[in-house]
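A.B. asks: In case you want the letters, here they are:
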Amino acid sequence: MSISIDEVKKVANLARLAVSEDKVSEYANSLSNILVLADQLEAVDTTGILPLANPHDALQRLREDVVTETNHRAEYQKIAPEVEDGLYLVPQVID
Amino acid sequence: MSHTDSTSGALTSLSIKALHQGITSGQFSVMEVTQAYLERIERFEPEINAYITVTKESALASAVTIDNRIRAGELSNPLAGIPYALKDLYCTEGVLTTSGSKILHNFISPYDAHVTTQLKKAGGVLLGKNNMDEFAMGSSNESSAYGCVRNPWNPEYVPGGSSGGGAAAVAARLAPMVLGSDTGGSIRQPASFCGITGIKPTYGRVSRYGMIAFASSLDQCGPMAVSAEDCALTLNAIAGLDERDSTCSTEPVPDYTATLNQPLTGLRIGVPKQFFAEGLNNEVATIIQAAIKAFELQGATVKEIDLPNSHLAVPVYYIIAPAEASSNLSRFDGVRYGARCDNPQDLTDMYKRTRAEGFGEEVKRRIMIGTYALSAGYYDAYYIKAQQVRRLIKNDFVQAFNDVDVIMGPCAPTAAFKLGEKVNDPVAMYLEDLYTIPVSLAGLPGMSIPVGFTQSGLPVGMQLVGNYFDEARLLNIAHQYQQLTDWHTRMPAQFA
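Keeping their order, the protein sequence lines are chains A and B.
Per this note's numbering, the first sequence starts with residue 250, numbered consecutively.
Per this note's numbering, the second sequence starts with residue 547, numbered consecutively.
None of these hints come from the bench; they were simulated from the model.
Mixed in with the good hints, there may be bad ones.
Claimed, not checked - In silico DSBU-like links for lysine-lysine, alpha-carbon gap of 30 Å or less:
no., chain 1, residue 1, chain 2, residue 2
1, A, Lys327, B, Lys648
2, A, Lys327, B, Lys602
3, A, Lys327, B, Lys667
4, A, Lys258, B, Lys648
5, B, Lys968, A, Lys258
6, A, Lys272, B, Lys648
All values reported here derive from a predicted model rather than from experimental measurement.
Input sequences plus hints: build the corresponding full structure.
C.D. replies: Spelled out as structure tokens, the structure:
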């Protein structure tokens, strides 16, 4: 299976990665090479085989719904690129 | 306090057990041991680049505190006063934690990972943070944004990856013990390339809390050190339930040192025929076969086993790991921590440029593959299919362990390769992990122990694979081998 230029652009957008025009075909090539590797799986008969998401088939452990964490906002925001009055700032979204 | 080269050299060649005995008996202090390692780091680090950050000041400060606490009888853990380093994906409060990436070039972690807390509690002395492939994605340490690491056995060669900095640090005795992480072979393959001992525990054995995530159904923390005994002492301190990682196991933790001296009589070894097929370098094959023979001479029985789906492990891994990575790495968005691009035009532009500028090529490639595999129309064909085949691979191992106690084979198809040799061929790089990936997908514990050298003087590691939560058995087997051989204590002449 090979991946087209348009698909590279679509995937890059989904992944929120800026890809310059001159890099698109390079990505198409290297991603296609990896997909060729993955295509080996097509021939395997997996009828009735359950997908394995956790090596122990374990489910998420649940706990009591009680407060276990205290508030660390000030420390966490100290390392943020831009904050004001306890809020994270990003470029304006709505006019 | 000053040292002659011979004093500090003598301290840095001691095992963890010997260091502990020397410290508790007052033969030498934690400060002397710490300084001996810091001196070696200062001397050899420019050639090796095993560390992204050396925490010299805080190491010296904690050496003072720990010396006092040991003398006051407050601290008796076998790791008390033992220097160590952490792969730079373990969060360390107040210390730079980059995961080998430019996007975290300014990330001073506000909290400690579970394993960091455990080693602090035990009284270990943090020497610094080890270099690594960016976000643990690589098999050569060449994808680090902080420069490649050089193999102490031959600086023209890679140390392996992704825990290449840690492996090189132990090989050159720039730390007696480090914590690495293994997703598809990232502890075992660099341990093999650098001639040291490393263990990737069972998935869920060690908490992943505060470990920067790559592929959450595969990632596992483990120790890398000179010997199996040193790994056992370290694993004792870090294994066990932590409620902050919901995938962390409730399985009881044994004392991993208690069974090290059990005889291997009656040990049943399985040797997968698929691990000795085409692709394995002849010299490596001969060395591994000789090591297996040594176990046979000690009374073990050897049986060929079949892992019929193991050839599918690399393709399965390169769907599942990138898929999980693309999801995990979506958190790096330039909003809460890490780098942000200059002059963003709008929110989307900020996300896209922050990520494009912050991530390296291999990381971007894997995010793209993962996003593709999870996208509408391809999810079933790639992601679900890969998870189904993952179960087949696991079932092969479950079947094999009905008849054997341990599986032995090569860790990697070759000894270390030259810097730059595979950097432009991602698929060739992926095939480096041919023998370690099946074990990771099954979630089983795996180890690498040094078993010989190639003609050109590069170390070769043998992989030991155990049944679920059978780390004690693996460490026992490795320890017994290390009582009869001295491969693990050899040091690269250049850094002696």
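A.B. asks: Determine for every hint whether it applies to the structure shown.
C.D. replies: Status of each hint after checking the structure:
Proximity of Lys327 of chain A to Lys648 of chain B is assessed by CA-CA distance (about 19 Å); at most 30 Å being required, the pair is judged to hold. Distance restraint check for Lys327 of chain A and Lys602 of chain B: the Cα-Cα separation of roughly 24 Å lies within the 30 Å cut-off, and the hinted pair is therefore satisfied. Between Lys327 of chain A and Lys667 of chain B, the direct Cα distance comes to roughly 26 Å. Compliance with the 30 Å bound is thereby established for this hinted pair. Taking the CA atoms of Lys258 of chain A and Lys648 of chain B, the gap is near 24 Å; set against the 30 Å cutoff, the hint holds.
A hinted pair counts as satisfied when its Cα atoms are at most 30 Å apart, and Lys968 of chain B with Lys258 of chain A qualifies at roughly 27 Å. With a CA separation close to 20 Å, the supplied pair Lys272 of chain A and Lys648 of chain B stays within the 30 Å bound.
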